[in-house]
Every structure is written in structure tokens, then in C-alpha cells.
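Participant: Residue numbers (this note's numbering), protein chains in the order written: chain A, 1 to 575; chain B, 1001 to 1575.
Since the hints were derived computationally from the structure, they do not count as laboratory data. Backbone N, C-alpha and C fix where the C-beta goes; we use that ideal spot for every residue, glycine too. Just to be clear, a hint being listed does not mean it is correct.
In the DSBU-like style, the derived pairs of lysine-lysine whose C-alpha atoms are separated by at most 35 angstroms in a straight line are [what the hints assert, rightly or not]: (1) B:K1150 <-> B:K1123; (2) A:K528 <-> B:K1081; (3) A:K3 <-> B:K1395; (4) A:K528 <-> B:K1395; (5) B:K1552 <-> A:K4; (6) B:K1552 <-> A:K3; (7) B:K1552 <-> A:K81; (8) B:K1003 <-> A:K395; (9) B:K1395 <-> A:K4; (10) B:K1528 <-> A:K3; (11) A:K81 <-> B:K1528; (12) B:K1081 <-> A:K552; (13) A:K528 <-> B:K1003; (14) B:K1528 <-> A:K4; (15) A:K81 <-> A:K209; (16) A:K334 <-> B:K1395; (17) A:K552 <-> B:K1003; (18) B:K1334 <-> A:K395; (19) B:K1151 <-> B:K1209; (20) B:K1004 <-> A:K395; (21) A:K552 <-> B:K1004; (22) B:K1334 <-> A:K334.
Cβ-to-Cβ under 10 angstroms is the rule here; a few derived chain B residues that face chain A [said to hold, decoys possible]: (23) C1019; (24) C1044; (25) A1071; (26) G1072; (27) G1079; (28) A1168; (29) S1331; (30) R1415; (31) G1427; (32) G1433; (33) A1440; (34) S1444; (35) D1462; (36) R1492; (37) Y1514; (38) N1522.
Number of protein chains: 2
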Amino acid sequence: MSKKIVIIGAVAAGPKAACRLQRLQPDWEITMVDQDSLISYGGCGIPYYVSGDVSDESELRATSFHVIRDAGFFENSKGVKALTRTRALSIDRKEKTVLVENLDSGVRQELPYDQLMLATGAKPFDLPIPGVGLDGVFAIADLHKAIEIKKRIAQGKVSRAVVIGGGAIGIEMAEALTDLWGIETTLLELAPQLLPRLVDWHFATMLQKHLEEKSVAIFTRESATELLDDGQGKVCGVKTAHRTLEADLVIMAVGVRPRSELAKAAGLDVAPWGGIKVNQRLQTSDPNIYAAGDCIAVTSLITGRETYAPLGSLANREGRVVADNMAGHPSVFKGVCGSFIMKAFERCIASTGITYEAALAEGFDADYALTSPSDRAHFFPDQAVVILQLVFDRKSRRVLGLQAFGMMNDSISARVDAAAGLIAQDGTIEDFGLLEMAYAPPFSSAIDSINAAAYVAENMCDNRLRRVDLDRFLAWMDNMSIEPNWAVLDLRHPLEAAPYVEKYGVDLWTALDYGQVRARYNELPTDKTYVILCNAGTRSYEVQVFLDHLGKFDSMVLCGGLNVISRLGVDWLVK
Amino acid sequence: MSKKIVIIGAVAAGPKAACRLQRLQPDWEITMVDQDSLISYGGCGIPYYVSGDVSDESELRATSFHVIRDAGFFENSKGVKALTRTRALSIDRKEKTVLVENLDSGVRQELPYDQLMLATGAKPFDLPIPGVGLDGVFAIADLHKAIEIKKRIAQGKVSRAVVIGGGAIGIEMAEALTDLWGIETTLLELAPQLLPRLVDWHFATMLQKHLEEKSVAIFTRESATELLDDGQGKVCGVKTAHRTLEADLVIMAVGVRPRSELAKAAGLDVAPWGGIKVNQRLQTSDPNIYAAGDCIAVTSLITGRETYAPLGSLANREGRVVADNMAGHPSVFKGVCGSFIMKAFERCIASTGITYEAALAEGFDADYALTSPSDRAHFFPDQAVVILQLVFDRKSRRVLGLQAFGMMNDSISARVDAAAGLIAQDGTIEDFGLLEMAYAPPFSSAIDSINAAAYVAENMCDNRLRRVDLDRFLAWMDNMSIEPNWAVLDLRHPLEAAPYVEKYGVDLWTALDYGQVRARYNELPTDKTYVILCNAGTRSYEVQVFLDHLGKFDSMVLCGGLNVISRLGVDWLVK
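Produce the complete structure using the sequences and hints provided.
Facilitator: Dropping the structure here:
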């Protein structure tokens, strides 16, 4: 028997569900409604459209075979009805109807449904400050906004921009403006770091340093307090607590909130922060109403708790699960790892699972293995250092997350994707140690970086490797009196270590070449706590084991070594 | 209490075990013996040394911090004794001693052991044909051979080469010779395809086509029957059943065999094909003797059966497991997926798990989902098509393998590595569908290629997608009389389809634009079996579902579409 399906929202989850369901139940009448005229677009591509990498906005709305996904496409090619410029006003759950209004004609109608899907997406959060309504102030809310931004840039109307918000979209927009249009761009982030909650502070710092090298001005712990009017209703500047920045374009990218007013008004369960609550089959509290995409609350596969993951990739997967369940094929969406990846100029940054900071806050016996291996065989010509961090629980030995920062290529994808698959299966450090990464020198090392990170984690759990906290070490370098007993033990080649020894003196910075430790360890004073360092941290660990065995030395390893330190923009020699 | 450990073999598994064990048990006396003077080298880097990508062989023996790993390094830096140029002659299991001989001095000694490790590696298989002993004939057995090959090339002594064996090493060597030295190179492979057992025939064919475009001459189903003498003991040519090839360099790369004579002579269990039998803790049939690396038989995680996987990456992981067990930390090596990846000029080819052909032979209810998606968002500038194939069991829905062929970058690493992790956990099609690949347009699609392949597999299992076998379709294109009822239904843009329609006639090659199917399906004769095709196969599946629903049409989908066909080197238009 044919059923009537109504889907509210036609960007990602909605169209995916509609088309899949039409294939599963070709007889059913499926109607999508969306208040926008442009539907089914790749919103994540907006920064690349603004930058010019994607030349026309229509490419974001086109199939891989270059056909625009508009209402006619859905009707003719997919057998799905799409009502655009049509706003859903209310849901009558008893009568099972949705009241919709055409935004052009004002005509209203009731759409009856047997099953309803909410794919209402998210809306950008607006800062509650004066001036947000000025001309030249944009949130990346939809394609229209992107088109307008690019038009202004192309017309030469933009020479200075301020991006408010240092999340992924803010950073991608800052890159687009700076790199390809040469616009003087400033990025503001209220949190103490970029990409808050997505990566730990040292990863954010490495990213920030690279962005600054690429001429993006960045202020953290700082946001806009007022947007300034040029007297004619156009934005001309941004005020913060510390400065006033000139700007003829302001991008608001301070996060998004689920669009769940409709769900709430219909009496469905909605989390206090706005996410529509769903079960694993993606049913709302009304079993005839499903929800998916940026409007729902999802479950973290790491913590088991409610979280928010507004990503186009998840929306598509969730949409498919909704279609299966509506069609009568039971299907579940268990939750999310929270995989994230981003290009930032010539670097790539990515993470999956949760950060060390989040893991501590969640009450895990959390620790992290920070490493800095090559992204392929160290003898292969175009190899480069990548910074990897495995976050794990010391007690259960479960891996909780992986973060990476390296060159702009796909090598980080490989590690983060492989990790996400294993984390979703509750993979342990030991599983990561044995993970069979495909090996050939142009792609990886014989001991892959992800295996090596797991080995480090294992050595930490078994108390063979004791690390110094990175921030504690940096604080000591700033003010050595806080730990009067500490000294660096530098295992690098004497020529690398020499300038540091010269600056700090041999008492604070002892150089002992790795290859000489077994012969010359007796020269080391035994009354110090050594911070052992080298370039990557591997030699430091070996030497710690050796010193421990002697039983006369106290030491800590600087995990990730100077490869990490140099990427943080710290150089005590030039200070 | 200190123990004595002897390790026979010091290339990959041996050194890894030795160094790890020294850290776990710093008091133990660990001695490695190796008959070679050069030890602890990255054998997989040999083709890149020969090509010149790696300029000096010492780089293959150096740490990431540029120190050569020789006997002195192991002694001074690692606390491990290494006896080079020392051959192990026999094992006395009762007395627990190994008799070794120094190959330079001839001096013999008995090395006592508490625990022994065999890391004797593999030796290249020599073809039993006349002329293998001629000057200029090389197997890639060790670094010395590689050094000699490169020396001859650099001296301009090589203008024509024949590589015997179309496995990974043979192909990498053929690339090294052709690409960087301009040597006229011919590759011979006795099997009907390159990379036999590693990939299915169509992947091998795509690879072969690319190699041929890059000027490597390839003959499959053909091997050397004789190597020809120039009258002065130097090779001057290679005879096969079909031709004689001139050659001043012959590389034998017809596979390797475990070196297990020592194990066999000592009465340890050895498989008939030569692999030393070990349990999951990598103990041989004598619990005091462990074995790891290219000399052992391992277990396939897919079939549960004995297999052979001589790879440096596995050797390292196994070596670590041996060390843990020797030290008293129980540790297991469960088996291998068989992950494999290779650069071939401007392409990358990779696989994990087992092939479709192998899965059928193993008695699985095997099938494959062949797809040809973009390797990143299809609107992103440098995107390119990648060919992916998921092999699965229809009954259990377990994924058995993944193969990929695409551009030379790391995007294939990401898919194969993520797959290997899941396959090792007995991942199903549904697990692959939900695998959370990190998404941003420069790296992936919103629906990642690996998710999409799983969706295809799911649709096949649920009988919504019925594919035509690729080889059956190609046979029909060669001789249409074998299936007189078949016709192509070409869904591509009419301009793409037109030349085919013109050549074959509308009865055999019907063009119907994807967007017009719902409006014009009535024009299609109902007495045909349609092979539906498009570029990638996605539209074809959708149209099959639509036609099935009408109940009047019989059809099959050409999975992977013309993207696959064109990469096979098939073009019926120019025939």
C-alpha cells in the first residue's frame, strides 16, 4: 500500500532519505519541502566556492555528471516531489499533516503524511551585539550568502575582512579570503584556542602558527563587542575589548544551532540546547516522525552521551538510515566518533574521537601519546613530519581519540579514518598496535605512524615511559625557577644541541649524544630531574628506559620532541 | 635473572625484537647473528634506491636521525650485540646452543641460549632455467645486489632490461629502470595477469595499461625459458616460448621462499611449502624458539587458514610480539589481512583482505561491488576517479576484501587502511556503510567512496542491484552473438552516447538520457535484456530499480561503468 511521506528540509539528510526511500518503495509519494529556492547543495564546499577553487556555485548543486539538483531534477530523475520556497509552519501530529506556505504566493496547504522526516538543519548563531544587521555582515547560512560574499569580493569591494569564530568554517573562510583574494583578514576566537573542543591546545597552536605565517591575523580570547556603521548602514569596523579593526566584510562563524522550533512546537522531545532527540533508528519521540542531520542530538560512541555533530557527511548517512526504517528495513545509527578534517593553506589538521581535555573532563583515566614521525618512509624523498596524538584511557587501554597535524596531503586521512573505524569498535591500544596499515615506502613506514603511537601509549600504560606535560615544560622554559631541580638532557647531534647549551649553560641544558649514552652516562649528575629530549621523542624514551635501569636518575620524556616544539612557534634561542 | 637470547637474522623482525626486548629486560644478553655485512635495512626501499629517488644505499640503513644501523650502532645505542658475516649452521635444541661460523675468519663457536628467535627471512626463488648464473642476472636478494645493479646502470652499462615476474617488486623495479634511467624494459609474468593473487584480473589489467602507457613492455602468460650468454659469461638476452628479448640486465623477481632449512634441520614444524609453523604467540613447535618475519607461516584473518605474507611491515610487528612474549608479557599476533599498496608511475594500486577470485575458491558466497567514485568531493579542483572494489560474502554480509586503483596520492591508503582495521574485526557491509570517514571537500566526499561501495554491496545482497559480470560483458562486446538478446541501455548524456549508437545501431545500443527515463521508458522494447551503463554505475542502479518496479524489463547493471571500461584499455569505437 502506498504511503505518503513528507520531508521537511532538502539540503543533505532530506534528499538522501527521499531518494533512497523512493528506490526502496517506488510506489510511495515522497514530498520534500524547503523554504529556500536552492536545495541539495554541498554546504561544506562554500569556502572553496568563495575562494574560487570552485568557480560557480552551481557546481555545489550539481551531480558528478554535471546536472543541477533542482526541483525538476528530483521530480524527473528521482521520482521525488520537491516544493521549494515553501516553509513548513506547523505539524499536526494527531491529524498527521504539515501546514506549509509558499513564500512567493503566500498560498498555504496541508500536506498529509503517514511518516514525516525532520531534516530542518541548523542555523548560524548570531552574536547578540550591536551592528549584526549591517550591510556587509554575513553568516555562512546558505548559498545565497556565499554568492553575495563572492560577488562583493569579485567587484573589488572588499579589502579588509574580519572573521568572527575560529572553528573550521571560520578558518576555511579566512584562508579563502587571504590566500586567493589577498584580503587582509583577521580571525577572532573567544576561546583560548582555535578549533575549541575539536583538538587539544597544542594542535590548535601549531595550526595558528601556520595561519599567521600565511598572513592571517589571529586573536584568541577575543571576540567582537560591536560592529561599526560607516554612517550609511554598511559595516566599516569591528570593536573588541582590546582593539578596533577596520573591515568592509565581516563573516560571523560562531557556530550553529539546531533548527528545532517546529519539532518543539509539535511537542516532540528536544534537548535543552535544541537538538531533536532520536533513538538509534532515528525516530523522534513520535515514532511516525523521524529526524536526521544538523537538527538532531546524536550519541557519542566514546562517551555514550548526547552530543552535537552538524556535518554533511553524517547527515547523508543518517538520511539513509531514516529511509531504511521508513521503508520497513530496520536499520540503526549508533552514533558518532566525531571525525573531522580540514585543509589550512599548506597544512592538514584532523581528529577523531575526543580530545585529551575532553577525556579528562569526562572522567576517563586519560593520557596521550604525542609523536612526530614521518608521514611516509623516512628515506623517501617527499616525506615530512606529521604530529600525531593518540588519546587513551590508561585503565581500560581503550583508544579515545586521535589528532594529527601535517602537510596538506591525504596521509592524515588514512590515519584518522583507520582510527575512526577501530574507535567505533571500542578498539584498544593493542588493536592499534597491530592495525595492518598497507606499507610501501611512498605511503608509509614499515612501522606505521599509527602503530608507533600505539606503542608509545602501551609503554606509557606499562609505566616504561613517563612523559612531562607539554605545558608544564613550556612553563618551565619560561621561568626555570618553578622547577629548580629540572635540567634538559638533549640527545640530539652535538651540533644541534650546542647553541642551546651555550645559551642555558651545561647545568640546565646537558647535551649527550644518543649514541654515547651507554658509554658516558656516568658524567651525568644524579641530583637532577632530567627532561630528556630529541627531535621526535623516540630516542628519549630509549634513554629513559636505560637510565631507569641504572636506578640513579630521575627523568621525564618530552614526547614528540623538538618537532612539536618548533611547530608551536616556540624558539627560546631567538627570544 | 639474566637470560641469554640469540636471534638469527638481523634485517627487520630480528632487530625489532632485539631492541624491544633489551628495553623490556635491560639485563638480558641479546645477540643477533646475520650472515650479511649489511643489516637492519629497509628492503622495500630497494627499488627507490635503484631508481635514484633514494640517492645512497646507506639511507636504507639509517635511522630517521641519520645514523647508520651497523653492529656498532646496535652495540652502543641499543645494547644489543650483533655478529655480522656470521652464519648460523645448526641448532642444538637439547643443549640450547646455536653453532655459528664467522664467514671471514672461519672461526666457529657455540652460542648458548635460553630463548632463541628465528628471523631468517626469505630467499628469492630461482627459475630452474639455463643461464641464471650469468653475469648481469640479479635477484633482489639483498642490498649488495641492489648496489651492483645501480652501479651498472650509473656506468651506462644497461640499455635494455628484462624483469621476470610481475609481482610488486618486479613492477617497482620495472618502473625504476624505465622512468628514471630510460632503460627499455620488458616485464614477463607467467600468470595470466600482473600481481597474481593480490588483485583481481580487472585491477591488474588497469595497472598493466598504465605501465604500457609508460613504455614498459609487458607479456603475461609468458616467462623466461633460457637466459642467453654473450659468449663471455654475460647475459645478452632472454628467451621465452614466444620470443627472444635482448637484455644486458635481467632481474629475477619470481617470488620468495621462507628460509627455513635451519628450523627444519632442528626438527621444528615447517609447512610443506617452507613456512615455519608458529602459534599466536609466535612460538615454534619448540616453546623456547620463536620465529617471525618472512620465514614463518601466518594465519589469514579472513579464511583462518595458513598463508604467507613476507612484508617488512608485518615482520616489525611480529618482532615486537616475540620480544613481549620472551620478556614475559603475553602478547599475540592473530594474523594478517594481507594489506598491500604500491606506486606505479602516476598511479597507486592497493588491496587488503582477499580477492574475489580467492573468495570464490575459498568457498565463500562471494560477490563484489565495483565502483568508480571521485577520490574527493566531485566539485573539488584536483579530484580524480578512483576504482574501488569491495569483496564480500552475500550470506554473512562480511567484508572479505577491498581493492583500489587510482591516482598516485594517499587517498587509496585511507580507504584500504580503514578497511583493514574493520576487516580484522570481522566488519560487515553495514559496518562499512557507517564507517565515519573524516569529511571535507579537499579529502573526501560527503558520502565517502568506502561508504558508497558498502551501499552498493548492500543493494546487491538485498537483490535490488543485479550486476553483469565484467568479463561476460566484455566477451559479449567482442562477439554479440553469444547473447543475442542483450542490448546496452546507455544513460549518459546523448552526446556521449551518440558515437556508440551510431556504431552499433539503436537495437544493440540504446541511448536514453538518465533524466528522461521516467518520461520515456515506454519507448524501450520489452523483449531485451538490458545492460544498463553510465560513467560510474550509480545512475544505472537507480534506473534498474525503476525498471524493475515497472515489471516489464529485464536488466543488469554494468558496475563501475565506463570509468572502469576505459581504464581497461577497451574502446570499441576505435577497434
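Participant: Taking the hints in turn, state whether each one holds.
Facilitator: Against the structure, the hints come out as follows:
1. B:K1150 <-> B:K1123: holds (20 angstroms)
2. A:K528 <-> B:K1081: Answer holds: K528 (chain A) to K1081 (chain B) is near 31 angstroms, not above 35 angstroms.
3. A:K3 <-> B:K1395: holds (31 angstroms)
4. A:K528 <-> B:K1395: violated (64 angstroms)
5. B:K1552 <-> A:K4: Roughly 25 angstroms separates the two Cα atoms, so the pair holds.
6. B:K1552 <-> A:K3: holds (23 angstroms)
7. B:K1552 <-> A:K81: Holds - the C-alpha atoms of K81 (chain A) and K1552 (chain B) are around 25 angstroms apart, at most 35 angstroms.
8. B:K1003 <-> A:K395: This hinted pair holds, its Cα atoms lying about 31 angstroms apart.
9. B:K1395 <-> A:K4: With a Cα-Cα distance of about 33 angstroms, the restraint between K1395 (chain B) and K4 (chain A) holds, given a limit of 35 angstroms.
10. B:K1528 <-> A:K3: Holds - the C-alpha atoms of K3 (chain A) and K1528 (chain B) are around 32 angstroms apart, at most 35 angstroms.
11. A:K81 <-> B:K1528: holds (31 angstroms)
12. B:K1081 <-> A:K552: holds (25 angstroms)
13. A:K528 <-> B:K1003: holds (32 angstroms)
14. B:K1528 <-> A:K4: holds (34 angstroms)
15. A:K81 <-> A:K209: This hinted pair is violated, its Cα atoms lying about 49 angstroms apart.
16. A:K334 <-> B:K1395: The given pair, whose Cα atoms are some 23 angstroms apart, holds under the 35 angstroms limit.
17. A:K552 <-> B:K1003: Measuring from Cα to Cα gives roughly 23 angstroms; hence the hint holds.
18. B:K1334 <-> A:K395: Between K1334 (chain B) and K395 (chain A) the Cα gap is close to 23 angstroms, so the pair holds against 35 angstroms.
19. B:K1151 <-> B:K1209: Distance ~30 angstroms between K1151 (chain B) and K1209 (chain B) Cα, so the pair holds.
20. B:K1004 <-> A:K395: The hint holds at about 33 angstroms.
21. A:K552 <-> B:K1004: holds (25 angstroms)
22. B:K1334 <-> A:K334: holds (28 angstroms)
23. C1019: Constraint on C1019 (chain B) satisfied, holds at 8 angstroms.
24. C1044: holds (6 angstroms)
25. A1071: violated (13 angstroms)
26. G1072: This interface hint holds because 9 angstroms falls under the 10 angstroms limit.
27. G1079: holds (6 angstroms)
28. A1168: holds (8 angstroms)
29. S1331: holds (8 angstroms)
30. R1415: holds (8 angstroms)
31. G1427: Holds. Min distance 8 angstroms.
32. G1433: Holds, because the Cβ-Cβ distance from G1433 (chain B) to chain A comes to roughly 7 angstroms (cut-off 10 angstroms).
33. A1440: holds (5 angstroms)
34. S1444: holds (7 angstroms)
35. D1462: holds (8 angstroms)
36. R1492: holds (8 angstroms)
37. Y1514: Holds. Min distance 6 angstroms.
38. N1522: Because about 15 angstroms separates N1522 (chain B) from the closest Cβ in chain A, which is outside the 10 angstroms limit, the hint is violated.
The structure fails to meet hints 4, 15, 25, 38 from the earlier list, while all remaining hints are met.
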